[in-house]
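Protein chains: 2
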Amino acid sequence: MAKQKKQPRPRAQTPKGFRDYFGAEVVARQRMLERIARIYRLYGFEALETSAVETVEALGKFLPDVDRPNAGVFAWQEADVPGGGSGEWLALRYDMTAPLARVFAQHRNALPTPYRRYAMGPVWRNEKPGPGRFRQFYQCDADIVGSASMAADAEICAMLADALEAAGIARGDYLIRINNRKVLSGVLEAVDPAGAVDRDAVLRTIDKFDKVGAEGVAALLGKGRLDASGAYIEGVGLTEAQAAPVLAFLTSRGESAAETLANLRAAVGESAVGAEGIGELEQIAESLAAQGYGADRVVIDPSVVRGLGYYTGPVFEAELTFEITDDKGRKRQFGSVAGGGRYDDLVKRFTGQVVPATGVSIGVDRLLAALEARGQAGAAEARGPVVVTVMDRTEMASYQAMAAELRAAGIRAEVYLGNPRNFGNQLKYADKRAAPVAVIAGEDERARGVVQLKDLALGAKIAENASLEEWKSRPAQFEVPRADLVAGVRRILEGTDG
Amino acid sequence: MAKQKKQPRPRAQTPKGFRDYFGAEVVARQRMLERIARIYRLYGFEALETSAVETVEALGKFLPDVDRPNAGVFAWQEADVPGGGSGEWLALRYDMTAPLARVFAQHRNALPTPYRRYAMGPVWRNEKPGPGRFRQFYQCDADIVGSASMAADAEICAMLADALEAAGIARGDYLIRINNRKVLSGVLEAVDPAGAVDRDAVLRTIDKFDKVGAEGVAALLGKGRLDASGAYIEGVGLTEAQAAPVLAFLTSRGESAAETLANLRAAVGESAVGAEGIGELEQIAESLAAQGYGADRVVIDPSVVRGLGYYTGPVFEAELTFEITDDKGRKRQFGSVAGGGRYDDLVKRFTGQVVPATGVSIGVDRLLAALEARGQAGAAEARGPVVVTVMDRTEMASYQAMAAELRAAGIRAEVYLGNPRNFGNQLKYADKRAAPVAVIAGEDERARGVVQLKDLALGAKIAENASLEEWKSRPAQFEVPRADLVAGVRRILEGTDG
Numbered sequence: 140m141a142k143q144k145k146q147p148r149p150r151a152q153t154p155k156g157f158r159d160y161f162g163a164e165v166v167a168r169q170r171m172l173e174r175i176a177r178i179y180r181l182y183g184f185e186a187l188e189t190s191a192v193e194t195v196e197a198l199g200k201f202l203p204d205v206d207r208p209n210a211g212v213f214a215w216q217e218a219d220v221p222g223g224g225s226g227e228w229l230a231l232r233y234d235m236t237a238p239l240a241r242v243f244a245q246h247r248n249a250l251p252t253p254y255r256r257y258a259m260g261p262v263w264r265n266e267k268p269g270p271g272r273f274r275q276f277y278q279c280d281a282d283i284v285g286s287a288s289m290a291a292d293a294e295i296c297a298m299l300a301d302a303l304e305a306a307g308i309a310r311g312d313y314l315i316r317i318n319n320r321k322v323l324s325g326v327l328e329a330v331d332p333a334g335a336v337d338r339d340a341v342l343r344t345i346d347k348f349d350k351v352g353a354e355g356v357a358a359l360l361g362k363g364r365l366d367a368s369g370a371y372i373e374g375v376g377l378t379e380a381q382a383a384p385v386l387a388f389l390t391s392r393g394e395s396a397a398e399t400l401a402n403l404r405a406a407v408g409e410s411a412v413g414a415e416g417i418g419e420l421e422q423i424a425e426s427l428a429a430q431g432y433g434a435d436r437v438v439i440d441p442s443v444v445r446g447l448g449y450y451t452g453p454v455f456e457a458e459l460t461f462e463i464t465d466d467k468g469r470k471r472q473f474g475s476v477a478g479g480g481r482y483d484d485l486v487k488r489f490t491g492q493v494v495p496a497t498g499v500s501i502g503v504d505r506l507l508a509a510l511e512a513r514g515q516a517g518a519a520e521a522r523g524p525v526v527v528t529v530m531d532r533t534e535m536a537s538y539q540a541m542a543a544e545l546r547a548a549g550i551r552a553e554v555y556l557g558n559p560r561n562f563g564n565q566l567k568y569a570d571k572r573a574a575p576v577a578v579i580a581g582e583d584e585r586a587r588g589v590v591q592l593k594d595l596a597l598g599a600k601i602a603e604n605a606s607l608e609e610w611k612s613r614p615a616q617f618e619v620p621r622a623d624l625v626a627g628v629r630r631i632l633e634g635t636d637g
Numbered sequence: 140m141a142k143q144k145k146q147p148r149p150r151a152q153t154p155k156g157f158r159d160y161f162g163a164e165v166v167a168r169q170r171m172l173e174r175i176a177r178i179y180r181l182y183g184f185e186a187l188e189t190s191a192v193e194t195v196e197a198l199g200k201f202l203p204d205v206d207r208p209n210a211g212v213f214a215w216q217e218a219d220v221p222g223g224g225s226g227e228w229l230a231l232r233y234d235m236t237a238p239l240a241r242v243f244a245q246h247r248n249a250l251p252t253p254y255r256r257y258a259m260g261p262v263w264r265n266e267k268p269g270p271g272r273f274r275q276f277y278q279c280d281a282d283i284v285g286s287a288s289m290a291a292d293a294e295i296c297a298m299l300a301d302a303l304e305a306a307g308i309a310r311g312d313y314l315i316r317i318n319n320r321k322v323l324s325g326v327l328e329a330v331d332p333a334g335a336v337d338r339d340a341v342l343r344t345i346d347k348f349d350k351v352g353a354e355g356v357a358a359l360l361g362k363g364r365l366d367a368s369g370a371y372i373e374g375v376g377l378t379e380a381q382a383a384p385v386l387a388f389l390t391s392r393g394e395s396a397a398e399t400l401a402n403l404r405a406a407v408g409e410s411a412v413g414a415e416g417i418g419e420l421e422q423i424a425e426s427l428a429a430q431g432y433g434a435d436r437v438v439i440d441p442s443v444v445r446g447l448g449y450y451t452g453p454v455f456e457a458e459l460t461f462e463i464t465d466d467k468g469r470k471r472q473f474g475s476v477a478g479g480g481r482y483d484d485l486v487k488r489f490t491g492q493v494v495p496a497t498g499v500s501i502g503v504d505r506l507l508a509a510l511e512a513r514g515q516a517g518a519a520e521a522r523g524p525v526v527v528t529v530m531d532r533t534e535m536a537s538y539q540a541m542a543a544e545l546r547a548a549g550i551r552a553e554v555y556l557g558n559p560r561n562f563g564n565q566l567k568y569a570d571k572r573a574a575p576v577a578v579i580a581g582e583d584e585r586a587r588g589v590v591q592l593k594d595l596a597l598g599a600k601i602a603e604n605a606s607l608e609e610w611k612s613r614p615a616q617f618e619v620p621r622a623d624l625v626a627g628v629r630r631i632l633e634g635t636d637g
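Protein chains in written order, with the working numbering: chain A, 140 to 637; chain B, 140 to 637.
If we strip away everything but chain A, and leave its shape as in the complex, we get (with noise of 0.2 Å):
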């Protein structure tokens, strides 16, 4: 430690874009991850767990935000030394879904096909961080590979819908939303049969539909326009007849699937991809039906596109319905908490083989901390451990002889390890524990071969604001022989919530 000592002391802080997340943080996230495990699971679904880090090579760059460095991702190169790496670029995987394409590639023969995977963790993207955007968050996704069977995008659709709702997000609550690339490049194809303009942008464009409206959208599907900031976002550069029909497009949701799959015909004219899109549309919302999933749980929305650039097919995106307050006290729909859709390319990658695959991310920090928002989170946080104080020091093995006897009674219990020399901090602490029992034994105690038990959750209902006086007088004090300790404890325990 001696070299430390001469430099300048490190900051502590987390990276910008990254945070800790304490207890019941943890355990609600926890409980949250094996509730939607537990729906894919039901559907078939087998645990993946790849590494967090990849070769460049096997992500590709399929992330929409171009305008940082690596294409938004953590990347660096391997020192060339001997026996170990090759001087290879390693990345953070910024998706679940990149490196199950590199798995199913590399593991095909061993693997069942369809290949039903689920994959929880977490996921990096090198953005600008912001208000509630971290640069590291939680995914849970579910795809299958190698079905080409609108079924399969119907299944997927109808498990997001119970994992929504297994997660604690109510019937009404959400909408799964379903688009198909292949309508938008089919109206696209009707307005620039050349293929004068680039595809991506266009889908990146229309992507800011629900951040910039229409009106946006026209304006950078054209010359462009100002941002918000002042400065000028160039447009993809369609003329405005070529512009008018995809945003007629965009607005095409009509009031019945029938409806909408009506206008949608209209607007792909004579595309053949438009018209084979319009079909798996059909089959897909025909599926839906039959299962017993209709219109207040998923909708044809042409609206939906989704930034990332692998989609072949249909896309899906979940949002939640309902109204939450931000942090400056306006009232906002809370939006998008998962999104997923067919990739039919991404393994041909790899192998040079087609094969077909559609999948589906919940992004679990979002949708916790919607329900956070709605104030359902943090219900069933945990209570704290009893707390054995401390009286005397020189009987620590005595107290560390009680805490075991609780410990193996199923009971969380600690000693207090702090200096013990001030009671009033063993109290304080526990207080910070939420502690719901103190235990107290000092020279008195100890001689009559009794415990003190000190019940902390009915104190502080009692007299929240009560001084140390007062509350050392609470009737929620009683003694207990020291053989009784388990039980006396249990007593309280069984009393109070928790």
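Hints were generated in silico from the structure; no laboratory data involved. Fair warning: this is a prediction, and the values are worked out from it, not measured in the lab. Among the hints, a few may not be true.
Since the list can't tell identical chains apart, any single copy or any two copies may satisfy a pair.
Unchecked claim - Straight-line Cα separation of at most 27 Å, DSS-like style, residue types lysine-lysine; simulated pairs:
{"no.": "1", "residue 1": "K362", "residue 2": "K347"}
{"no.": "2", "residue 1": "K467", "residue 2": "K350"}
{"no.": "3", "residue 1": "K487", "residue 2": "K567"}
{"no.": "4", "residue 1": "K155", "residue 2": "K487"}
{"no.": "5", "residue 1": "K487", "residue 2": "K267"}
{"no.": "6", "residue 1": "K155", "residue 2": "K200"}
Use these hints to put chain B onto chain A, whose structure you have.
Chain B in isolation, oriented as in the chain A frame:
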């Protein structure tokens, strides 16, 4: 995708030293983490999840492996983009302890003190990969920050024993060995009062005791030795007279704690820090004995050093004592699966204030490997889903309705979503998935309002090598009315294990 086609195909491979985990492996690890976490919570610890990424400055350089670039971590420099990073160096965490020190320094006013936290998750080491040695692996840590009491160290060791047993290691199959860095410092003070040799280098050398034995360590403490590969490894430069007491110290474990402590007292001579370390070991031993943790679970063993540079007092290591058969058919001890110790200076790096801390880290992947080597893992491997086969692809909706009914009843189920043309492939798929039941319904069954149920587990049992024709005639297949689908499947499932 047009761009990709023109480039050479990416290789479908994990980076060197990384791997994928499938199905039962993921579930087994998750279950082990939950069991260990339950013990940690029982001892009053709260969850903490930090991000995988930290600033290099916050992590510090404490890894024993200094032969690699970036001192064994995966690190990269942030690009200096407007509103984004400031060009600082970031890295993946190499353990859970350095991030904990950062968290405590950053949030110390909000956290209770002592702060008991547990953390589970992957860590990354930029080390030379080898057989069974990966660059991403799981740790499951528990630490107490803010307690100088040896009762904290004793509690960590007791908890480690409980956690190993909860994870499935029987009492008698593990041993927790305790030592104290201060005792080693005492020995070094006695042999090298001027501090002429590099103490960290001595530590790293002694840490190789298990690998190279007493003779090897003697050579490395002196002039050096030839490696197994024929490379000459420079020694730390002690004279033989200086090295002898260090070696004596390493091998001073006696028949009892009292005998070991007496040996240590002789080894440290007049050194004050040595005497302090011995006093601490005595306190830990007393505390553990009072809690009923005897020499069958925890012993004092001076040969334990732990490679990490940040330990300042007691160090612990849990080793599995049973023999396993390695890849080459040789019997060997499994070795260390957990380690830890006291690190009183890690928080001080940030704040300038001494914050005493102690903790343990369980190497979850090694522990899983140990259970697997004993044939204890994977026993409870979950069975696959019920597979609804597709006899008639125009009837997909009715097959999906069957799967939906089964799921609504809590039964894992899926429709076969591959190409249904070859029915044999569907059965092969069901087999590969370890499906307990296949549901079959063609035109005939539909007309009669029934479904066929095949008991695949039974079928597999009675004739592992039967032909498809034999298999088809098996009595393990029977017919139920369509309305009794769920009841019929349940009957089969309840008759099998799973």
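Right, here's what the structure says about each hint:
no. : hint         : result
1   : K362 to K347 : within (16 Å within a copy, 68 Å between copies)
2   : K467 to K350 : within (18 Å within a copy, 61 Å between copies)
3   : K487 to K567 : between (61 Å within a copy, 24 Å between copies)
4   : K155 to K487 : between (36 Å within a copy, 23 Å between copies)
5   : K487 to K267 : neither (31 Å within a copy, 32 Å between copies)
6   : K155 to K200 : both (23 Å within a copy, 21 Å between copies)
Hint compliance for this structure: hint 5 is the single one not met.
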